[in-house]
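K.L.:
Please work from the sequences and hints to get the whole structure.
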Amino acid sequence: MIELIKQPWHWAVAGVMIGLTVPTLLLIGNKTFGISSSLRHICAACFPANISYFKYNWKNEIWNLFFVVGVLLGGIIANQFLSNPNEFIVNENTVKDLKALGVTDFSAMMPADIFSVENIFTLKGLIFFVVGGLMVGFGTRYAGGCTSGHAIMGLSNLQLPSLIATISFMVGGFAMTHLIMPYIFKLF
Amino acid sequence: MTKTNTDNIVVEEFVCEAPNNQLKKESLASNIKYLIVGTIFGIVFVKAEIVSWFRIQEMFRLQSFHMYGVIGTAVVVGLISVQLIKRFNIKTLAGETVSIPDKTFNKGQIYGGLIFGLGWAITGACPGPLFAQIGSGFLAITVTFFSAVAGTWLYGAFNNKLPH
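Protein chains in written order, with my numbering: chain A, 1 to 188; chain B, 1 to 164.
Rather than coming from a laboratory, the hints here were simulated on the basis of the structure.
Worth double-checking, as some hints may not be accurate.
[What the hints assert, rightly or not] Here are the simulated BS3-like cross-link-like pairs (lysine-lysine), alpha carbons at most 30 angstroms apart as the crow flies:
no.	chain 1	residue 1	chain 2	residue 2
1	A	55	A	124
2	A	186	A	96
3	A	99	A	6
4	B	33	B	107
5	B	107	B	161
6	B	25	B	91
7	B	33	B	86
8	A	55	B	33
9	A	59	B	91
10	B	107	B	86
11	A	59	B	33
12	A	59	B	86
13	A	55	B	107
14	A	55	B	161
15	B	25	B	86
16	A	59	B	24
17	A	59	B	161
18	B	33	A	6
19	B	107	B	24
20	A	55	B	24
21	A	6	A	96
22	B	91	A	99
23	A	96	A	124
24	B	91	B	161
25	A	59	B	25
26	A	99	A	186
27	A	124	A	99
Since this is a predicted model, take the numbers as computed values, not measurements.
P.N.:
Right, here's the structure in full:
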């Protein structure tokens, strides 16, 4: 059993479990699923700076912070006890495309060429961590949610604004991957 | 969303996108159940490799069905669950009626959505996987996380100057 769990999970298993998070949160505490709100609560709790957007009773939303601490713990548990003993597999066409851009490491879930601690104070770090992170935080709040709040929770509740947001996420991702990323990799 | 209070000062009405709609107060300890759900969620993120930058690249290059399968299945399961809850008026553990606020359209969903999409392809992470990536040992992602908090803060500071 444990050997089976250590294998990479099929998309259908992951999809069902993520989908079930929606009714689970609703039924155990009337909570609407959404993760990016946690970033707002962190701002409200730590750096409200008298900004009206951060002046609210974040303690009433503390469940969301418990949830994301859980996600962090889940990452630790999966990595420490359930890690895949086999080789990490990337689609061969993706490998070919990324090799052409200059990525060389395909051995783990994140390429060490980019996502290593040594890169934090480099141009790569500035683009992939700082600028990328800023866009994720700013964009999700501007859009009023992320993949969880809009694509999963919003679409589950048949919300048109969430469909518009989800399409926008995808358009942004396609534009970055195909139009902008080739130029970014030329910088290194 | 703004409204004017009795002193004619414009105050922002608090709208949380992932709100706590439970009327009954919860103790701090009872929040442990959300920690447990989050932990399972985090394990799924790592084991189904949703935290992988390569899986996100495969998705945006249309070279793998994996992420489409994950998100599509999650939406179908979520949709069926929400419809069942509404249809049979299934109550929460505290005996309350489930309430899911409707989302209202504003242009932020397009502008913000595009900005997030650009960032998603660079970082390989939505906010959820960010936490799981750090947990699974990619410590450089803590920088991405703090930048995402900073991005959220910048939105909060300038949101009334942005088109919505």
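K.L.:
Decide if the proposed pair is consistent with the structure: residue 107 of chain B and residue 24 of chain B, CA atoms, cutoff 30 angstroms inclusive.
P.N.:
violated, 34 angstroms
K.L.:
Residue 25 of chain B and residue 91 of chain B: Cα distance at most 30 angstroms?
P.N.:
Given that 30 angstroms is the threshold and the Cα spacing comes to 16 angstroms, the pair holds.
K.L.:
Between the alpha carbons of residue 96 of chain A and residue 124 of chain A, is the straight-line distance 30 angstroms or under?
P.N.:
holds, 21 angstroms
K.L.:
Verify the proposed pairing of residue 59 of chain A with residue 24 of chain B, using a straight-line Cα cut of 30 angstroms.
P.N.:
Answer holds: residue 59 of chain A to residue 24 of chain B is near 14 angstroms, not above 30 angstroms.
K.L.:
Does residue 6 of chain A lie within 30 angstroms of residue 99 of chain A when you go C-alpha to C-alpha?
P.N.:
At roughly 28 angstroms apart (the allowed maximum being 30 angstroms), residue 6 of chain A and residue 99 of chain A satisfy the hint.
K.L.:
Holds or violated: residue 91 of chain B and residue 161 of chain B, Cα atoms, limit 30 angstroms.
P.N.:
The hint is violated at about 41 angstroms.
K.L.:
Residue 59 of chain A and residue 33 of chain B were given as a pair; does the straight-line alpha-carbon distance stay at or below 30 angstroms?
P.N.:
holds, 16 angstroms
K.L.:
Within 30 angstroms, alpha carbon to alpha carbon, are residue 33 of chain B and residue 86 of chain B?
P.N.:
holds, 23 angstroms
K.L.:
Does residue 91 of chain B lie within 30 angstroms of residue 59 of chain A when you go C-alpha to C-alpha?
P.N.:
Holds, at roughly 24 angstroms.
K.L.:
Is residue 59 of chain A close enough to residue 161 of chain B, meaning Cα to Cα at most 30 angstroms?
P.N.:
holds, 27 angstroms
K.L.:
Is residue 6 of chain A within 30 angstroms of residue 96 of chain A, Cα to Cα?
P.N.:
The hint holds at about 27 angstroms.
K.L.:
Would you mind confirming whether the straight-line C-alpha gap from residue 59 of chain A to residue 25 of chain B stays at or under 30 angstroms?
P.N.:
It holds: about 11 angstroms lies between the C-alpha atoms, which stays within 30 angstroms.
Violated hints for the displayed structure, listed by number in ascending order: 1, 4, 19, 22, 24.
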